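Chain A is already provided as a structure; the job is to place chain B on it using the hints.
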Amino acid sequence: MQLTYPHMGEAYIAVKSLLDDVGVKSIIPAFTTSSTLKLGSSISPETICLPYKIMLGNYINSIKAGADSILITGSCGPCRFGYYGPLQRQALRDAGYKDIDIIILDPPREGYKKFYEALKKVAGGQHSKILPAFMNAYKVCCEVDSLNELVYFIRPRAVNKAKIRTIVNEFKKNVINTKGSVQMLELINETKNLIRKIDIDNSLNPIRIGIIGEIYTVIEPFTNLNAEERLGELGAEVHRSLTVRDWVRNTVILPATGRKGFKLEKKLSRPYLPTLIGGHSQECIGHAVHYANLGYDGLVQIYPMTCMPEIVSRSILPQVEKDYGIPILYLIVDEHTGEAGYQTRLEAFVDYIENNKPASCPQARNGRKHATFNTGLPH
Amino acid sequence: MAVKVGIPRGMYFYKYYPFIKTFLTELGAEVVPSPETTREILDKGVLYCIDDACLPVKVFHGHAYTLRDKVDFILIPRLTSISKSEYICPKFGGLPEMVKYSVPDLPPLVDTEINLIKNQKGLAKALYKMAFLLKFKNPLLIGRSINTAIRAHNNFMAAVHEGNTPDCVIASVPRRQYKSKIRIGLVGHPYLLYDNFTNMDLIKKLRSRGAEITTPDMIDPHIINELCMELPKRMFWSSGKSLIGSALFIMDRRSFDGLLLLSAFGCGVDSLAGEYIEKQARMYYKKPYMVLNIDEHTGDASFNTRIEAFFDLLNRRNSDAANLSAHGRSIYSS
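First to last, the sequence lines map onto chains A and B. Numbering follows the working numbering, with no gaps: position 331 of the first sequence is 331. Here the working numbering = 1-based position in the second sequence + 1000.
Simulated from the structure, these hints should not be mistaken for lab results. Since we're looking at a predicted model, the values are computed, not measured. One should not assume that every hint holds.
Claimed, not checked - Output of the computed footprint for chain A on chain B, the stretches with three or more beta carbons under 8 Å from beta carbons of chain A: (1) 1139-1149; (2) 1223-1234; (3) 1257-1268.
To be verified - Which chain A residues stay away from chain B? Per the calculated CB distances, all over 10 Å, these: (4) Thr73; (5) Lys98; (6) Asn136; (7) Arg208; (8) Ile332.
Think of the CB as a built atom: it goes at the ideal place given N, C-alpha and C, for glycine as much as any other residue.
Chain A with its partners taken away, still in its complex shape:
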């Protein structure tokens, strides 16, 4: 069995080390590019959301490389994601990939037997190894997050911004040749050390921007046209609200041990949206409030076009914007891959925030409400 899985940002690092530890042969799909998207959208419904199309493209790339089974997670929430599996199976069959097995890991409450059988299929008789491998993979997730946070900190302050990009790309290249969680953790540590050696300008006081929105488009750099990197190179320190680790912790580990996930976000979003409506829309609003409380200077919401839960949070966020005086840029991503308009919008947003931020007192956000556009040049 050659197992493959769709890309979702850095998720492949953790999934690879998990499958390596269990001892399952797996193939990392080629990194998502516009050709992947074209491949996927040629056999997708017209108005389905972006992740569906990209995932389908990932599968086909992997199948061409020799994979014969696909591992995805499922859900039965009110978001469309829950129905991806059955429809994608159908789409692949219609496209001529007949004997591809899609293994869907639905939440156990939908049927414990089904869940157990899916796990058995994945592990292939090695299921005693699953739990320790899972814990190690979670450790990898945590380390990847701390690596990312280091990158977020260094990137706007780095003297030579090309250098950090080289290190990050080198890291991505090396992940493919790494086997198991032990080697993976080592690799991450080496990369961290390399990044720490980069020259930074400590006198800078960059603006801070939080990225919120739909989890797939926030995590996957192809879909948001590298928003993190772009903002970092424009001189903003970014923070990503949702990561693979957060997802695993709040939807797998905490519920499995009888606790509830996303407690803080749910508490903060209660005045705006008191109930769960699906997707991560409550979490999106909760994160917005949380970032505002932490003193961030601006937020960027990213979501795929026609995403149902995020449309709801998009219409609530202007109220958060008013209540907390924090500017929000809304980016709706789709199959477009033109970067110019996107870059301009990000630049304008960063300029707007920098101009409105009082230079003498960087932490005083209250003063910004009354500031106008012409308070001075950036820096």
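Below, chain B alone, put in the same frame as chain A:
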């Protein structure tokens, strides 16, 4: 003076209006529904709603805006779920907030949550809560009103099952016998099918061409449930379920000549349900099938052309196609 409660004519209005109207009138409130959709209402909705919401949500915003200075309360219940372990659509769950934060100068909203995801008991609880919000404190009266409302709802459903469209039932227009040559199934969400402005009088146009129409609301929900059993995965949207179930029902029967799917651009449920129906229609059922997509546009010339083409297809199949194949088996019947 009785408290005035406004009900926007959008979303599930054509499904639950008789129920909620009877409930509130029995309690002693005055019910004010918003007028039928017009150009102005649509324009106001487009103005206040965010850009990438779907058409029915925009229309709903327009209706809420029209009601704003006529009533004391606007009723926008949060319909999280209307049947066990099924949701409707995330936008229904967030509808009160979407309207509250988008439309200015609104009177207080009654946004009681109706959530039957676990069991049916939640309904009575939610209705009590709604009545308390409107300052009706007599529990006996509320209980009696609920019973009357359920009876009214059952009568309404019975009238719809007989073949009258819900908008006619609500306006108490009796069912007219049409001289029908053709029988087609018209599948879609109630807020698109019966809103005669946004769908550009689709039902009238179809009937004037001599077609008899069956919509999902006219089909027994038990049959729909049964047909949805054969889906590869449990469908967790009741709106998608009624779409798929009724489409399968219509395609299964020889008495229907064709199937039309009315969908709004950007509808999340339709993008999945429509895809499933299309795949089934192409693979197993050789029945004419067409998708009509509507948006904010109001020019109906191209819309008419497509309907005309569909009818040409149906008529030619009925008159010219020989239903006998070399194998001795009919190839065009399902």
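So which hints don't hold here, by number, going up?
Hints 1, 8 not satisfied by this model.
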